[in-house]
Amino acid sequence: MIRYILLGILFIIGMYALIFHRSVIKKVIALGIVNTSVVLLFIISGSSIGDAPAFTGEQGARMVDPMVQALMLTAIVIGVCITSFSLALIVHLWGRFETFDIDTIEKRGDDES
Amino acid sequence: MKMKTAAVHVIVIFALVLLAGCLFIPDDTPWPTDVRTRLVSDGEKDTGAKNLVSAIYLAYRAFDTLGETIVLIVAIIGTMSVVESVKKISDDPTTAVTYDFSLVKEKRSSHKLRTHLLEVVTGKIGPVVLLFGFYVMGQGHISPGGGFQGGTIIASGIMLFILGNPYSKVTEMRQNKILSTIEASAFVLFILVSLLSILTSGIFFSNPLEAAGVKYEYYIIALNALIGLKVGSGISLMCIAMMSRRRT
Amino acid sequence: MTEMLLVLIIVLAVFSLISRDLIHSVIALSAISLLSALIFTLHWAFDVAITEAAVGAGVTTIIFVWALKHTSRKDI
Amino acid sequence: MNLESIAFIFLMAPLLASGFLLLAKTVHHHERLSFVIYYLSTISGFLISLFFTILVLTKVNQRGPVSFYIGAHHSEVAISYTFSLDGLIIFFVALFISFTSWAYNDRKKTKQIEFSIILMIQLFSIGATLFTRDLFNLFVALEIMGITSYVLIAFSSKVRSSVASLYYLLSSSAAMIFFLLGTYLIYRLTGSLNYHQIRETLKGTAMSPATVFAASSIIVAILMRSALFPLHFWLPNAHAMAMHPVSAILSGILIKIPLIALTPFVQLFDFSQSIGTVIKILGALSAFFAVIFAFCQSDIKKLLAYHSISQMGYITAAWGYAMELSLATEAGRILYTASILHIIFHALFKSTLFLSCGTIIDVTAQRNVYKNRNAARILISADRKHLLTIIAFFLSALSITAIPFFNGYYSKNLITSSFHHQWIYTILFITGVFTTASFLKLSAIFFRPGPVENTQTIRKEKVPVLSYVLLIAALTVTAVYHSPIITGLLSSVFSSQSDIHLEFYESEIWMKSVTTIIIGTILYISIRSRTISHLMHLTETVEVNLQSMLISVILSVTGLGIYLLVRGVILI
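Chains as they are written, first to last, in our numbering: chain Z, 556 to 668; chain P, 71 to 318; chain X, 2 to 77; chain A, 146 to 717.
Looking at chain Z on its own, in the form it has when it is part of the complex (with noise of 0.2 Å):
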């Protein structure tokens, strides 16, 4: 119980930060921390239900669930290649701006037109 708690309180940090926090690099960090979160998630509860690897063989009805696994697999990498190309769209910002502040690129983002 206390282990999915601990794994709300990371979700509530991360989205927090997501939505608060000034710096767009920050809300990308914000954002694998939120992504972290959730794939703990799905491995945390698919393993409730075994205490064996997701393999064939002998303790086969005791393994741990090997749906979620394949799942997180695909989920992770799709955070990482979000992370990527937000990162390169940043590195484009600051070419222009020189900052990471997000309310500096909006006041100026609109000025420019």
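Warning: the hint list may mix true and false statements.
Stated by the list, open to error - Okay, the calculated bits of chain P under chain A, using three or more residues with CB under 8 Å as the criterion: (1) 75 to 89; (2) 101 to 111; (3) 204 to 218; (4) 254 to 267; (5) 274 to 285.
As the list claims (entries may be wrong) - Here are the simulated lysine-lysine pairs, DSBU-like style, with alpha carbons at most 35 Å apart: (6) X:75 - P:285; (7) P:120 - P:194; (8) A:253 - Z:662; (9) Z:662 - P:72; (10) P:74 - Z:662; (11) A:204 - X:70; (12) P:72 - X:75; (13) Z:662 - A:516; (14) X:70 - Z:662; (15) A:530 - P:247; (16) A:516 - A:530; (17) A:530 - Z:662.
As the list claims (entries may be wrong) - Not close to chain X: a few residues of chain Z, all C-beta gaps over 10 Å, as computed: (18) 558; (19) 587; (20) 605; (21) 611; (22) 656; (23) 662.
Don't read these hints as lab results, they were simulated from the structure.
Backbone N, C-alpha and C define an ideal beta-carbon position, used for all residues, glycine too.
For chain Z, the structure is supplied; the task is to place chains P, X and A on it using the hints.
Just chains P, X and A now, with coordinates in the frame of chain Z:
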């Protein structure tokens, strides 16, 4: 104004706590076991993979894996096109030009010793990492690992090679397009293999040569190899594009 | 054990979000990835652990370092 | 060859084409070879996909929807797909819009190959989103759709488009986290990701907070992509700052796909009717508010982007009402058909608007509605073929304002007449007035006299004749053959011969259109008054920051969940 922002913070935190409470804290229903039961009885028979995660990842739900590689392709294309446009902005001849990461060409004499060390070490480690990558890639059906993980390890092996090599080698790799050809052809082959199975067995994303007596596990190994080549060359391409950018 | 690692992850997450030096943040982020890979192995999810270690701790860190190299280490 | 085997080819053909385009990119130093591969693979990708879509469409029309598993040995662990008629029709429209936008972009030679690769992948993701009946596969398909649109928006390599792309990326990634959490809860409760099995397990179970929050987080994540009222903040900048063909695709077809994907998902739950009520109200509100913002814009493309939100409001209102009445009833089916009809028509006229206004912006080098003057003469003096641009613009502007004898008239009246004697009817009427006024304002760029002398700002642009001809033809055909299209849709989507009320030229509806036009004209004239133009300027400068976009996602998930819980308690 201050009151307003404080109120917004309180409301958002309240909503987040509520959501985390409802989404994260499980009630007393036990975790479902249907999928496990089914896979334990049929998984190896259906797919020939001892690693049941691979059985799901590459056989039952291979379509998700295809989607994942597509996301990677798009991310790489997008990142590279943004990187190129950044490069155009900073291609100003008046600014001092140094090359990132590739330490050899850097004009800082104090780094000479370190560079040499790096070259020697990466030269020795690189091939081992590459070999390990191919091992992880090929053994996905019986042990943990698989195409994607193997591909990433291969990419880091290639990175090690590049780190130790002078900048000219990096540009050479960009120029001769071996990596991008591998990436594109592995992707095309991946789709062709999945389409072939429609023609032969009538089921999308299943072993196309089952009737000819080819075991299912060979099909999984082939998929792993294709994904591994695609991912490995794609990630290395992206990293090379990032490294060879000029620094202003 | 899992709880302990999770507490550590939370501490690292807070550190990476408040640190002024972004390189420290990025290193904390890759440490989070490594610790979660450890949790995955404790929960018998070896495939996920390998992926998280290779992709989360490896590729993500490379891209972050690249991005910082072309921007700035200092936050805001 | 059974249907299941060939059905997948129309999805995979664009993907295979994108693979060959990647190969063409690697040989781009052999110019001729790369050129040949580029045209061959793109055009054959479109044509093969089109051929098989029509083939499957006719077969499904005879036999009804086809469901099957893909993956090893047809197991329940595998991913399930269903080819239904509504999805196939939308996919057909998506092919058409993508082709015209591709042809539009192709004459410009900027980032041709990359654009085509991403376009093809996006086409694949549209198909996957429409037809999948598996929750996690829907997640993957939505992520592909998302990342292709971020990349397409950022392609124009202007700074503002990068900002818009980053905002869209961050807010929709936050929403997708909730999608993943919803998937987790549903898997935990039912042990399956397959819609059919989820439905079987959930049927008749008591409503728990877990089910409700699973539903609300997934629904919000999907509706975020459709830009429903509190979740629409990302759209105006993203669609306005992208390249013109990209805006045409995103506004024309992409924002509608998630709504169609939501249809089978909402029906999994016993409380689908309460969800329908919420979405209906939000749809009407977003039609109303967005049109006011649209009316106040001075940037041409931003005005069009706000209109997309407004028209999506019509569509979601009809869709939500259909869900409220449930698709089992006659009225529900008619409403659902009406929303699909408006999706098709809106796809045609909105992409035409974006493409023609894009040409006008390029030629006159002026994005501002008030400063752009005498566009017709400038266009014609640049190239005589620009007559097509003008025709396309006016055809689509008349369609979107629902003038009789144009296609928007039929779909809009089909929607509004269903809301008769409800407060939503009034709201949609006011929306119609504002739509008329803002398109009068937009059309004024052709008539307002102004200096034509400064010819050096006129840029010679190649006229995209092919896309204009195709779009004009489609707009005309849908306007002329409206009733066969509507009855055909209705009878084919639900395989039932419904007696649909098709009298569009009753005196009441006539009167309504005429009043709308008159009040709209008065409203347009009134913007000359100082107070109103000041108000408009105030409204225009309201900019929404990223923080509020993210907060709106969180609060929508919470709000929808609490609403459903409370309503469930009251109903019991």
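For the pair we were handed, residue 204 (chain A) and residue 70 (chain X), check the Cα-Cα distance against 35 Å.
Violated. Residue 204 (chain A) to residue 70 (chain X) sits at ~57 Å, over the 35 Å cutoff.
Do at least three Cβ atoms from the stretch 254 to 267 of chain P come closer than 8 Å to Cβ atoms of chain A?
holds (count 8)
For the pair supplied as a hint, residue 70 (chain X) and residue 662 (chain Z), confirm whether the alpha-carbon distance does not exceed 35 Å.
holds, 25 Å
For the pair supplied as a hint, residue 530 (chain A) and residue 662 (chain Z), is the alpha-carbon distance within the 35 Å limit?
violated, 40 Å
Are all C-beta atoms of chain X more than 10 Å from that of residue 611 (chain Z)?
At about 14 Å from chain X, residue 611 (chain Z) clears the 10 Å cut-off, so the statement holds.
Regarding the pair residue 516 (chain A) and residue 530 (chain A), is the alpha-carbon distance no greater than 35 Å?
Since the Cα atoms of residue 516 (chain A) and residue 530 (chain A) sit roughly 24 Å apart, the hinted pair holds (cutoff 35 Å).
Hint consistency between residue 530 (chain A) and residue 247 (chain P) [alpha-carbon to alpha-carbon, up to 35 Å]:
With Cα atoms ~42 Å apart, residue 530 (chain A) and residue 247 (chain P) exceed 35 Å; violated.
Okay, the stretch 75 to 89 of chain P and chain A, do three or more residues pass the C-beta test at under 8 Å?
That given contact holds, which follows from 7 residues of the stretch 75 to 89 of chain P lying within Cβ reach (below 8 Å) of chain A.
Are there three or more residues in the stretch 204 to 218 of chain P whose C-beta lies within less than 8 Å of some C-beta in chain A?
The restraint on the stretch 204 to 218 of chain P is violated, since only 0 of its residues have a Cβ under 8 Å from chain A and three are required.
Just want to verify: residue 587 (chain Z) was marked as not at the interface with chain X; is every Cβ pair farther apart than 10 Å?
Incorrect as stated: the minimum Cβ-Cβ distance to chain X is 6 Å, not above 10 Å.
Residue 662 (chain Z) and chain X, when compared Cβ to Cβ, separated by more than 10 Å
Holds, since 14 Å exceeds 10 Å.
Pairwise hint evaluation, residue 662 (chain Z) against residue 74 (chain P), where the allowed Cα distance is 35 Å at most:
holds, 21 Å
Hint compliance for this structure: hints 3, 6, 11, 15, 17, 18, 19, 20, 22 are broken, all remaining hints hold.
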